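Asker: Letter by letter, the chains look like this.
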Amino acid sequence: MTRRWTSFWAGSVSGISRRMGSSRGAGVCLIALALLADAADAQFFGLGGAMVIKDARVVTGDGRVIEKASISISGERIGDVGPDVKGGLLAKSWEASGKTVAPGFIDPYSRLGVLLPGAGRGDPTSKVFDAWDPYARDVFDDAFRNGVTLVYVGPRGGAGVLGTGAIVALSKGEGERIGSVVKEEAALHINMGSGQPAIARINTFNAVRRQFRDAVEYRNSIEDYKSELEEYEKKIKERAEKKAKEEAEKKGKPEGDKKEPPKPDAEKKSTDKPAPPKDGTPPKPKEDAPKPKGDPPKPKEDPPKPKEDPPKPPKSADSDAAAEAGTGPAANSEGDASPPSGENPLLSLFADPPKPEGGDKPASGEKKDEKKEEEIKKPGEPKPDRDKDVLLKAIDRKLPVRIEAHRSEDILNALDLVKEFNLDAVLEGATEAHLVADAIGEAKIPVVLGAASRGELRGDDEFRRFAAANAAALDKAKVRWAVGSGAGSVAGGRFVLQNAQLTCAAAGLSQSALELVTRRAADFLGLESAGRIGKGQRADLVVWSGDPSDPASKVERVYVAGKVVYDAAAK
Amino acid sequence: MSWHRQASSAICAVLILASYGGAAERFAIRVGGVVMPDGTVTGPSLVTVVDGRISEVRAGAEAAASGGKVVDHPSAVLAPGMVDVLSGLGVIRRGSHVERVRAIDPDLSIREAIEQKHDDFRAALKSGVTAALVIPAGNNVIGGAAQAVRLTGGGGVEWLREPGPLMFCVGQGVLEATREPTGMIGAVHLLREALTAAKDSKGSSRVNAFLKSSLDGLLTCDEEQEVIAAARVFTEGGRLPLLAWTPLEASAAMELVKPFPDPLIIGPFTLDTPARVLRGAGALQQAGRELAFAGALPVLPGSSARISAALAVRYGMDAAAARRALTINAAKAAGVAERVGAIQPGKDADMVIYSADPLRLDARVLEVYVKGVKVHDASLE
Chain P
1 MTRRWTSFWA GSVSGISRRM GSSRGAGVCL IALALLADAA DAQFFGLGGA MVIKDARVVT
61 GDGRVIEKAS ISISGERIGD VGPDVKGGLL AKSWEASGKT VAPGFIDPYS RLGVLLPGAG
121 RGDPTSKVFD AWDPYARDVF DDAFRNGVTL VYVGPRGGAG VLGTGAIVAL SKGEGERIGS
181 VVKEEAALHI NMGSGQPAIA RINTFNAVRR QFRDAVEYRN SIEDYKSELE EYEKKIKERA
241 EKKAKEEAEK KGKPEGDKKE PPKPDAEKKS TDKPAPPKDG TPPKPKEDAP KPKGDPPKPK
301 EDPPKPKEDP PKPPKSADSD AAAEAGTGPA ANSEGDASPP SGENPLLSLF ADPPKPEGGD
361 KPASGEKKDE KKEEEIKKPG EPKPDRDKDV LLKAIDRKLP VRIEAHRSED ILNALDLVKE
421 FNLDAVLEGA TEAHLVADAI GEAKIPVVLG AASRGELRGD DEFRRFAAAN AAALDKAKVR
481 WAVGSGAGSV AGGRFVLQNA QLTCAAAGLS QSALELVTRR AADFLGLESA GRIGKGQRAD
541 LVVWSGDPSD PASKVERVYV AGKVVYDAAA K
Chain V
1 MSWHRQASSA ICAVLILASY GGAAERFAIR VGGVVMPDGT VTGPSLVTVV DGRISEVRAG
61 AEAAASGGKV VDHPSAVLAP GMVDVLSGLG VIRRGSHVER VRAIDPDLSI REAIEQKHDD
121 FRAALKSGVT AALVIPAGNN VIGGAAQAVR LTGGGGVEWL REPGPLMFCV GQGVLEATRE
181 PTGMIGAVHL LREALTAAKD SKGSSRVNAF LKSSLDGLLT CDEEQEVIAA ARVFTEGGRL
241 PLLAWTPLEA SAAMELVKPF PDPLIIGPFT LDTPARVLRG AGALQQAGRE LAFAGALPVL
301 PGSSARISAA LAVRYGMDAA AARRALTINA AKAAGVAERV GAIQPGKDAD MVIYSADPLR
361 LDARVLEVYV KGVKVHDASL E
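Line by line, the protein sequences are chains P and V. The opening position of the first sequence corresponds to residue 1 in the working numbering, with each subsequent residue numbered one higher. The opening position of the second sequence corresponds to residue 1 in the working numbering, with each subsequent residue numbered one higher.
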């Protein structure tokens with residue numbers, strides 16, 4: 001916020017100074033204003049923050065080419081772009097006439113910098129950045145030499161749920177470190193294991209689906225637990241109140257009272273009701289228990305049942321938990337025995353057997369009362385499961401999902417998974433997308449394609465039906481797509497533009513590969529402030545000796561987040 | 001009405017036939033640029049084809065055609081069809097390029113194993129490859145004769161020259177546990193024996209012919225040490241073959257390849273090739289050597305040689321030299337440079353129209369001509 005505001009302010013100040021400069025005779029004022037602007041820069045962006053690249057040809061990334069313009073950099077952002085942009089008095093300027101400035105290339109499907117193979121081990125909580133090697137200087141230099149400044153990296157390795165990917169800017173960190181996370185946990189990765197034999201792929205898909213279903217169940221059990229806990233707390237409170245009341249009654253009324261209730265149960269209720277006006281249902285049965293002595297069983301049955309009905313649903317799970325806890329017979333005490341019957345109407349028909357038990361208990365006398373009090377079991381809290389928490393985030397669409405699938409059947413399975421759990425998904429690789437493009441289009445799932453260069457000679461692997469026209473088929477089916485270098489190798493991650501060029505050329509598409517790896521890649525990753533050159537955008541800029549699409553052009557300088565990360569002259 | 005429709009479809013059929021088949025006697029192509037034999041790209045030009053051969057290349061947007069049809073592609077670039085050096089087209093998928101019974105087997109000819117109507121040829125043609133030097137796999141020290149072929153419109157091939165060059169290999173591929181050589185010393189020894197015998201004209205006729213310069217030779221190597229040993233043995237024999245070798249470190253390469261003639265065959269490079277290897281091409285070229293890029297189809301895609309060239313240029317090779325390496329030098333490596341590999345009067349009209357400079361990887365193949373006949377038109381796909 002502050003940044004945007006200041007750059008806006010600084011911009012307007014320099015605007016004023018320009019206007020005043022043209023009207024002449026306001027030199028002092030101009031200097032003062034310029035100093036002010038610089039002071040603002042210095043204050044907010046640190047020393048040396050302001051920088052101007054002068055008089056370059058600018059390829060903006062959103063389809064425009066400005067033949068001659070200057071770009072000012074303020075902190076991590078672009079201050080301004082235009083024919084006569086100035087940075088202020090303290091700003092350094094760099095003469096770049098004859099050179100071309102383009103946005104840094106963005107690789108939406110990369111493994112650059114992730115030098116450890118198999119970063120993910122089927123663990124949803126794995127994070128790819130943990131495998132990032134910030135000191136792989138030659139890898140990063142090679143990326144800079146080819147104009148790459150921002151990458152999406154995901155965990156690679158086995159099949160199944162692999163962990164979360166991240167968007168990483170190749171910016172300068174402490175010392176020689178390169179790479180800072182722009183977006184952590186950018187997406188949860190699932191690999192459908194298209195390279196595996198058929199049975200293994202079936203297993204992979206089933207395992208993934210089960211993981212998601214388990215996550216849903218896990219959530220249900222947590223919700224159950226919460227309501228049980230609420231119920232439990234309510235019960236405890238009620239019992240305490242009841243007890244207090246009882247004791248108060250005992251003190252107040254002599255034993256004679258006790259003889260009254262045994263009459264008819266109906267009366268009992270009426271007498272009870274005024275006592276526990278707060279619906280003191282649960283404690284009642286216990287009270288009843290001693291009373292029934294010698295009473296006909298029938299009347300007893302009726303009252304407890306209706307009373308216990310409300311607490312039933314929670315109890316059902318409660319009793320399970322109690323059973324698990326190994327409380328054994330105690331779990332069967334009247335209070336607990338009836339709830340299952342409430343859970344299932346059929347069971348309630350067979351609810352008779354527990355009654356005799358209930359009938360037995362009273363025989364054991366008042367001691368039982370105390371025991372029963374202990375028997376209101378605290379519901380067991382489900383074990384926290386961080387893996388499932390990650391999956392639940394995906395199910396709630398708070399975390400996008402990336403599904404790597406190459407074979408058409410795996411793609412269709414992926415679409416099923418997306419549908420079942422309503423995931424916010426992107427397909428990765430999608431080698432055989434051309435065979436099922438319509439289904440992908442119908443599901444409105446975007447696709448990020450990988451390596452465009454594959455030979456004709458393929459075995460029965462996941463790339464066996466690789467088709468150069470894949471991108472064209474996606475276009476036709478109106479699928480939103482992007483292209484990255486693919487996660488084939490670390491080295492492949494530098495030729496992001498070349499891979500996009502090959503993708504377009506092979507598919508017969510005449511669209512701009514450069515736009516594909518700048519603005520379109522940024523949009524695909526949801527980064528509106530990257531991939532183009534404009535006011536307030538990320539200052540990820542590459543200065544080329546000529547047009548970036550010409551293989552003979554050399555990268556002369558690279559800025560990431562406003563800092564020089566590569567300088568050919570210094571090498 | 002129905003007569004009308006019939007007639008119009010007949011006309012269509014004729015037009016399609018005309019655009020594809022029938023040796024167009026004389027026509028011209030007007031393009032925005034031409035890749036010249038020296039590797040530079042000219043401005044707008046008019047290239048005239050007569051009877052399947054290039055008859056004239058005239059610069060200038062206003063150059064007038066002297067009769068015949070004119071194909072207009074004002075923003076496109078015309079280049080010679082590519083020659084896929086170290087090719088496996090027509091043989092690899094059937095494994096028919098592998099023979100490992102005898103390490104010295106000069107009388108083999110890969111020609112006998114080429115499946116002339118293989119699908120791979122048609123696919124290659126669409127990528128702008130109009131010729132190939134099909135080689136036996138490097139499993140023998142002397143592996144027989146390679147074969148240069150031209151890819152024709154019908155999806156087949158024709159022989160572009162007599163069998164040749166003779167293939168030599170000193171590399172890991174020649175070692176076998178079941179026959180000699182089992183180690184690199186043995187491989188070099190077998191090669192020396194064969195060459196010494198030929199020096200006295202007592203060797204196999206093809207090895208004799210190689211030393212007498214009536215048959216070309218082509219040597220493939222993997223490691224530096226193999227290049228050094230082979231250079232010594234061939235120098236003793238009196239003639240050095242062309243060398244196909246991709247240096248892993250640019251620094252030492254220049255010294256090692258010195259004895260071998262131009263062009264040096266290098267690559268193929270892929271998007272995964274490390275920078276230090278990519279720099280090798282530029283280093284050799286800067287040191288004055290002429291290069292030719294290997295394509296290695298169908299293991300790699302049809303644009304393989306172009307990818308090699310584009311990446312070599314990114315890592316320091318001169319653009320014009322890279323275009324030469326892609327066209328005329330590849331033709332020289334295959335021994336077919338008198339016929340193809342350049343847009344030059346007298347050469348066969350095996351040409352490709354690209355949407356831009358073929359060094360740019362976003363350049364699309366628009367049309368492909370073989371002997372002046374259009375064999376591929378992307379706009380009809």
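Note that these hints are calculated values from the structure, not bench results. Here the structure is a predicted model, which means the values were calculated and not measured. Just so it is clear, CB atoms sit at the ideal spot from N, CA and C, and this is done for glycine as well. Check the hints yourself; a few may be wrong.
[As the list claims (entries may be wrong)] Which bits of chain P does chain V cover? Going by a derived footprint, with three or more residues having C-beta under 8 Å, they are:
1. 425-438
2. 446-457
3. 508-518
4. 558-571
Asker: None of the hints should be skipped; say for each whether it holds.
Answerer: Hint-by-hint comparison with the structure:
1. For the stretch 425-438 of chain P, the proposed coverage by chain V is not satisfied: 0 residues have a C-beta within less than 8 Å of a C-beta in that chain, short of the threshold of three.
2. Requiring three or more residues with a Cβ within less than 8 Å of a Cβ of chain V, the coverage given for the stretch 446-457 of chain P holds, as 6 such residues are present.
3. For the stretch 508-518 of chain P, the stated coverage by chain V holds: 3 residues have a C-beta nearer than 8 Å to a C-beta of that chain, and at least 3 were required.
4. Counting residues of the stretch 558-571 of chain P whose beta-carbon sits less than 8 Å from any beta-carbon of chain V gives 0, not enough to reach three: the coverage restraint is violated.
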